[in-house]
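Engineer: So in our numbering, spot 350 of the sequence shown is number 366, and the numbers just go up one at a time.
No lab work stands behind these hints: they were computed from the structure. Don't take each hint at face value.
Claimed, not checked - Between beta-carbon pairs, the in silico distance windows are:
(1) N125 - Q101: 28 to 38 Å
(2) Q294 - N235: 30 to 40 Å
(3) E183 - D210: 27 to 37 Å
Bear in mind that the values here come from a model prediction, so they are computed numbers and not experimental data. The C-beta atom is built at its ideal place from N, Cα and C for all residues, glycine as well.
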Amino acid sequence: MERLLNLRLNAQIVREHYQIEEMKYWTTMKQSAIFTHGTGQKLEKFIYPEKGIINPSIYCYAISCVQLLSHVPAIVRILQDHRCQDPICLCCNWKRFFLQCQGHAGTINWFRDAFRKDKKFNQGRQEDAHDALLAILGKLDKIAVQSPRLKDRKVADDLFGYSIRNEVQCRVCKHKHVYYENNTVMTVRMLRKDPSGRSHSIKELMQHLFTASTIYGYNCSKCKKKSDAPVKPTLLRAPQILLLHVSRFSFDGYGKKISRPVAVNETLDVASMATAGQSTVYKFCGAVIHYGSGLDFGHYFCLARSRKREQQFVNLNDSNVTLNANFRIADQSYLVLYRRAEHLTNIGGDKSMI
């Protein structure tokens with residue numbers, strides 16, 4: 017019975033994965049789009065220009081996440097289509113005060129207002145960009161999707177959701193138990209320092225996550241005996257957009273940071289970690305980078321592929337925008353975003369990602 021349930025769940029997850037893949041609405045955008053301001057006047061723009069966000073105090077953790085997600089075409093498309101009457105709606109104000117604002121920089125006060133009821137991010141202190149990212153995805157899940165085809169679906173799960181299949185085998189009776197994990201942001205941990213001084217890569221951090229390990233004192237549901245059981249994780253559903261959280265901070269009360277560089281793979285193939293038959297090649301889209309010694313200190317900024325030229329990178333540091341940024345600064349990444357290679361329009365050319 018348990019094996020039958022596992023097979024059914026496995027098939028359901030894979031089936032939903034392919035249904036999501038067919039939703040080109042999420043992963044493609046027209047080269048020109050129509051936007052409407054509060055006056056009702058329609059304006060047609062070819063592309064959003066690269067722009068910064070004015071930081072009034074300590075909101076770099078939120079600014080960097082907004083700038084990163086604003087380089088995801090599907091997110092921009094969702095923001096374009098969303099309409100509501102809530103004056104503190106995160107999506108409406110994101111579009112109004114950043115994407116559609118005039119000038120070289122937008123504002124960020126709307127972010128604090130959007131979470132006023134939740135009592136988040138209103139303490140007047142530096143916050144964690146990972147927490148801000150999860151909070152933004154949570155808000156995106158609550159917006160009313162306009163398309164009837166996508167009614168009742170969760171935006172964050174459709175775009176960033178992934179599933180891991182874990183197989184545990186009892187050493188006593190050899191019974192295999194399977195359980196699943198579903199999430200939107202994949203956390204990878206820093207590895208021990210290489211004696212040679214070589215930097216580990218993002219792919220190596222991911223491979224370590226999917227390496228077989230041991231559950232000590234595993235209690236088998238069949239024979240009721242305890243043993244040290246091996247567990248093998250596999251990426252069952254690869255996400256449309258891969259969001260990685262590089263766990264650099266300790267949570268021992270001090271929030272110390274591991275500052276060793278991590279080489280960011282510009283092209284990432286996760287085939288060795290995933291089940292067969294999936295599209296597994298990703299291209300680097302952007303990152304949130306942290307400079308500083310601890311969780312409560314330092315500064316966050318964003319590095320992203322240029323909207324106009326995909327072979328170039330843009331450094332978005334609060335209100336400052338630097339074109340032709342050096343990709344090597346990504347080695348201090350805290351959050352990393354990859355898009356599937358087939359969703360990029362023209363790698364190496366002049367065609368816009370959005």
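Engineer: Next step is simple, just say for each hint if it's right about the structure.
Structural biologist: Do the hints match the structure? See the list:
{"no.": "1", "hint": "N125 - Q101: 28 to 38 Å", "verdict": "20 Å, violated"}
{"no.": "2", "hint": "Q294 - N235: 30 to 40 Å", "verdict": "33 Å, holds"}
{"no.": "3", "hint": "E183 - D210: 27 to 37 Å", "verdict": "30 Å, holds"}
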